[in-house]
Amino acid sequence: MVRTRIAPSPTGKDVHVGSVATALINYAWAKKNKGQFIVRIEDTDRTRIVEGGEAQMLKTLKRVGLVADESPEVGGPYAPYRQSERLDIYKKYAEELVTKGKAYYCICTPERLTKMREEQQAKKQVPKYDRLCLTDQKKIIQQIKEKDIHRVVRLLIPEGQIKFNDAVRGEIIIDTKNIDDQVLLKSDGFPTYHLGVVVDDYLMKITHVIRGEEWLPSTPKHIILYQAFGWELPVFAHISLLRNPDKSKLSKRKNPVWTSYYLDQGIFPEALLNYLALMGWSHPEGKDIFSLEEYIKVFDIKDIQKTAPVFDPVKLEWMNGVYIREMKNEELRIKIYEFYQKKYSEDLIEKTIPLIKERIKKLSDYLPLCEFFFKAPEKYEVDLTSKKDFFEKVKAELEKVIDWKSMIIGDSLVNLAKKFEIKNSQFFADMRMVITGKKISPPLNESMEILGKEECLKRIYQLTS
RNA sequence: GGCCCCGUAGUCUAGCGGCCUAGGACAUUAGCUUCUCAUGCUAAAGACACGAGUCCGAAUCUCGUCGGGGUCACCA
Numbered sequence: 082m083v084r085t086r087i088a089p090s091p092t093g094k095d096v097h098v099g100s101v102a103t104a105l106i107n108y109a110w111a112k113k114n115k116g117q118f119i120v121r122i123e124d125t126d127r128t129r130i131v132e133g134g135e136a137q138m139l140k141t142l143k144r145v146g147l148v149a150d151e152s153p154e155v156g157g158p159y160a161p162y163r164q165s166e167r168l169d170i171y172k173k174y175a176e177e178l179v180t181k182g183k184a185y186y187c188i189c190t191p192e193r194l195t196k197m198r199e200e201q202q203a204k205k206q207v208p209k210y211d212r213l214c215l216t217d218q219k220k221i222i223q224q225i226k227e228k229d230i231h232r233v234v235r236l237l238i239p240e241g242q243i244k245f246n247d248a249v250r251g252e253i254i255i256d257t258k259n260i261d262d263q264v265l266l267k268s269d270g271f272p273t274y275h276l277g278v279v280v281d282d283y284l285m286k287i288t289h290v291i292r293g294e295e296w297l298p299s300t301p302k303h304i305i306l307y308q309a310f311g312w313e314l315p316v317f318a319h320i321s322l323l324r325n326p327d328k329s330k331l332s333k334r335k336n337p338v339w340t341s342y343y344l345d346q347g348i349f350p351e352a353l354l355n356y357l358a359l360m361g362w363s364h365p366e367g368k369d370i371f372s373l374e375e376y377i378k379v380f381d382i383k384d385i386q387k388t389a390p391v392f393d394p395v396k397l398e399w400m401n402g403v404y405i406r407e408m409k410n411e412e413l414r415i416k417i418y419e420f421y422q423k424k425y426s427e428d429l430i431e432k433t434i435p436l437i438k439e440r441i442k443k444l445s446d447y448l449p450l451c452e453f454f455f456k457a458p459e460k461y462e463v464d465l466t467s468k469k470d471f472f473e474k475v476k477a478e479l480e481k482v483i484d485w486k487s488m489i490i491g492d493s494l495v496n497l498a499k500k501f502e503i504k505n506s507q508f509f510a511d512m513r514m515v516i517t518g519k520k521i522s523p524p525l526n527e528s529m530e531i532l533g534k535e536e537c538l539k540r541i542y543q544l545t546s
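The first sequence lines up with residues 82 to 546 when you count with this note's numbering.
Honestly, the hints are just simulated from the structure, not real lab data.
All C-beta atoms, glycine included, are put in the ideal place defined by N, C-alpha and C.
Heads up, some of the hints might be wrong.
[Unchecked claim] Quick list of simulated restraints, FRET-style, between CB atoms:
1. R144 to P524: 29 to 37 Å
2. K113 to A510: 50 to 58 Å
3. D261 to R144: 48 to 56 Å
4. S165 to Q201: 32 to 40 Å
5. S445 to S546: 20 to 28 Å
6. P191 to E412: 52 to 60 Å
7. W399 to V207: 41 to 49 Å
[Said to hold, decoys possible] BS3-like cross-link-like pairs, simulated, lysine-lysine; straight-line CA separation at most 27 Å:
8. K333 to K409
9. K368 to K286
10. K226 to K183
11. K205 to K181
12. K423 to K140
13. K534 to K424
14. K143 to K181
15. K534 to K456
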C-alpha cells in the first residue's frame, strides 16, 4: 500500500505554487498505486502562524483538485491530522528516546546558545551545540523534577556516516559530524518539525516521503530518529525547488507565489496542474497538454529530473489559452459567467464566445476585451471628434441596412468605404473605435451583429451628437 | 565559510556510449491567412559551462575547475 502526504505549515496566507507542485506528485503517486494521499497540518510554530492560513490552504488544495483521502477536515484512521492536537504523542516519543539514551534534556538558555554560536563562528567552526547539558543529565533530570524549569529535548547524534538512497537523487552520504544535536521538543511542549514529521509519518504509515529539496540536508537527522526508534524507513524523494527567473528559490518577494493569485485571474486548475507537472518531468511521448488522469497513468518517480526549474508564468498562460480553445463553448460560457459573479448576461456571453475563444488566455482577459458588449464606450482610445460629420453620413447609410447580419454588415461597410473613398483598413479602424472605443477588439462585423442595429446606430449617434 | 544537490538555447525539456547535422514546447523574429488583435500554418535564429581523461567513438562514463542553488534555529 502506498501512502503519501503533504505537510503544509500555516505560516503563509495560502498554498505556495511550489507546494502544489509537490502535492501533485504526492497525489499522483498515491493514486497511481491505488493508495492514499494525506494532508497533515504542521502547525507547531505558534509564533509564525498566519490567521486563516490553514483554512485557505485546505480550500485552495480542493479548488485545485487535489483532494485528500485523509485530512483535518475529512478525518481518517490516524486522526488528528493537525500536529497541534497531537502534543501528547510527541512528548511520549521524546521521552522514550531520552530513556533509551538516544536523546537528552537541555536547559541551556537561548542567550547562552547564541553566545556559543557567535564564538564558534568567530573561530570559523560549524555552529553546533556543545553538549554541555549532556555531561550531567542526572542532575538536570533531578532539577526538572524538582521544579518545572524550561527545557528542551535534543537528539543525540551518533558518530559515523548516514547513507541513504533518495528516489530521485540516488545515494546520499553525509558525515554526522556536520549535524547538530537537533532540538526535538521545544520548551513550549511543541515538537520541532523533525520530531513531528518522523513520528507522524511513522504513525500514519506514510510509505513515500516526497518533499522539497530543501529538506535533503536534514534527512539524515530524520533517519537517525527512525533508527533510534527502531522503525523502518520510508522511501525518500527530494524534488527540486521551483525557482525565480534569477534562479533563487521561488519567493513572494520576487514573484506571485500564492496559488489563488493564479486561480483568481482565471487560470484553470487543470492548466496549472498540467504546467506544474512539466516542472522537472516530461511526458514520455513528449506531450505538453494532458489531463491529470493521464498524468497519473504515465507518471513515475524515477523520471523526475534533478535540476531546479524556473517557474514561467508566460508558458502557464499559453497553456491556459490552449485549455480555453479546447473547451466546449457552453462550458466556457459558464466559466466566464461564474468568473464574473454572474454580473453579465449569460445569453450575451454565449454569443461572444466564438469571437473571443481564440483571443483570451485566461478568464480575466474577457472583460477588457468584451466590456463594450455590455455598455457603450465612455471614452475612445483615439479621438474622433474631427470625424463627426463623416459619421453622420455613415449612420444615414447604415440605417438602410435591413437584414442586420455580420455578412451583410461587412458588405455594407466595404461598400461605404468605397463610396467615401477611404481605405478599408482605416474605415474599419474608425468604425471599431466608434462601436468599441478601442483599437483592438473582436471581429467588428460579428460584434456589430451581436450588439444589434439599434445599439450600433445609437453609439454612432452618441459620437455625433 | 562547512556540508549537500545541480549544470543541454532566454525558459521548460528529450537524450542513458554510435540512430545527434543535438529533437520538441514557450518566448523571440519573419512570412502567409486577415477589418484590428488573436488563432492557425510555414520558416528562421538560438544550447551540450570549461578542461583533462577513458574509449575506435562522449551531451551521455571518470576526475578537476568554474558557475548556480539549497542548508546550517527552541522556523518549517
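Now the hints, each set against the structure:
| no. | hint | in the structure |
| --- | --- | --- |
| 1 | R144 to P524: 29 to 37 Å | holds (34 Å) |
| 2 | K113 to A510: 50 to 58 Å | holds (54 Å) |
| 3 | D261 to R144: 48 to 56 Å | violated (39 Å) |
| 4 | S165 to Q201: 32 to 40 Å | holds (33 Å) |
| 5 | S445 to S546: 20 to 28 Å | violated (34 Å) |
| 6 | P191 to E412: 52 to 60 Å | holds (57 Å) |
| 7 | W399 to V207: 41 to 49 Å | holds (46 Å) |
| 8 | K333 to K409 | violated (35 Å) |
| 9 | K368 to K286 | violated (35 Å) |
| 10 | K226 to K183 | holds (20 Å) |
| 11 | K205 to K181 | violated (34 Å) |
| 12 | K423 to K140 | holds (22 Å) |
| 13 | K534 to K424 | holds (24 Å) |
| 14 | K143 to K181 | violated (42 Å) |
| 15 | K534 to K456 | holds (15 Å) |
Checked against the numbered hints given earlier, this structure breaks hints 3, 5, 8, 9, 11, 14; the rest are met.
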